[in-house]
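A.B. asks: The chain contents come next:
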Amino acid sequence: MQLEFALLNEGSCIQGFDCGEAELNSYLTDLALLFQRRRFGVTVTFFEKSDPDKKVIGFYTLCPACIQQDSLPEKLLTGPKPNPIPAFRICRLAVDKCFQGKGIGQIIFVHALKKCLDQASQIGGSVIVIDAKDEKAKTFYERFGFISIPNNPLILIQTIKYVQLHFS
Amino acid sequence: MSTHFMDSHLNFRMSSRDKKMIETAAKFKGLKPNTYARQKLLEAAEKDIVEMSQLNTLILNPTDWEYFLTVMEAPVQINQNLKKAVKSFQKTFGH
Numbered sequence: 001m002q003l004e005f006a007l008l009n010e011g012s013c014i015q016g017f018d019c020g021e022a023e024l025n026s027y028l029t030d031l032a033l034l035f036q037r038r039r040f041g042v043t044v045t046f047f048e049k050s051d052p053d054k055k056v057i058g059f060y061t062l063c064p065a066c067i068q069q070d071s072l073p074e075k076l077l078t079g080p081k082p083n084p085i086p087a088f089r090i091c092r093l094a095v096d097k098c099f100q101g102k103g104i105g106q107i108i109f110v111h112a113l114k115k116c117l118d119q120a121s122q123i124g125g126s127v128i129v130i131d132a133k134d135e136k137a138k139t140f141y142e143r144f145g146f147i148s149i150p151n152n153p154l155i156l157i158q159t160i161k162y163v164q165l166h167f168s
Numbered sequence: 169m170s171t172h173f174m175d176s177h178l179n180f181r182m183s184s185r186d187k188k189m190i191e192t193a194a195k196f197k198g199l200k201p202n203t204y205a206r207q208k209l210l211e212a213a214e215k216d217i218v219e220m221s222q223l224n225t226l227i228l229n230p231t232d233w234e235y236f237l238t239v240m241e242a243p244v245q246i247n248q249n250l251k252k253a254v255k256s257f258q259k260t261f262g263h
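Sequence lines, in order, name chains V and E.
Going by the working numbering, the first sequence opens with residue 1, and the numbers climb by one from there.
Going by the working numbering, the second sequence opens with residue 169, and the numbers climb by one from there.
Take the hints with a grain of salt, since some may be wrong.
[Stated by the list, open to error] Partial chain E-side listing against chain V, Cβ under 7 Å, derived: (1) N224; (2) N247; (3) L250; (4) A253.
For the record, the hints were derived by calculation from the structure and aren't laboratory data.
From a predicted model like this one, the values you see are computed outputs, not experimental measurements.
A virtual CB, placed ideally from N, CA and C, is assigned to each residue, including glycine.
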């Protein structure tokens, strides 16, 4: 299947998108564009190249983020890492039910990683944070080497240098 | 509700229909329209700020922070699943 992608816009064909998760569906149809207009993040949509209607079959939302500690211990104050640490956050990613199980999710995921990598080389950013919807999603990201945080197991992280290694 | 001195202004116009609705709602709540509007605006502003700060800032407790730093410092190794996925992506999009 040949895929194409575009930034979400008023003309995107998103009605009827159904990934099986009501919350993610309504995010795409009701909130994603608003989110993007306010410059909180961007949503990239994917559709079949051969589809004249360009019906969206998958998307992800990426936003700038930072990671910080709730209280910084004395010993870290002189450490080499700044606090907070600049990051990218893949806060939503979904594929329409009709297209699940065809490897599209992983292509969309890698597209998001590539975007992070490109942005990191332009403006900095050293970590990618992922919000996994549930255990199944968590397992999906773990397959690609992302690591969940012990006390926040549905939040996964990995470094830009790790992602870069796979593109070189 | 803020307990600070009310030493500032926020001016805006609205339709008489909207104003009437606010006055009606305030009456139901037993509040003056201005007090009601201020209270509702503050609640909405606080909610929006909390939502956005939660979205863009990941705050870790000391244990998770230490773990995070360990991940940051760890030597990177190839993950075959990701390597294959990158190849598949490059085949699809040609870059």
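A.B. asks: List in ascending order the numbers of the hints, as given earlier, that are violated by the structure.
C.D. replies: none
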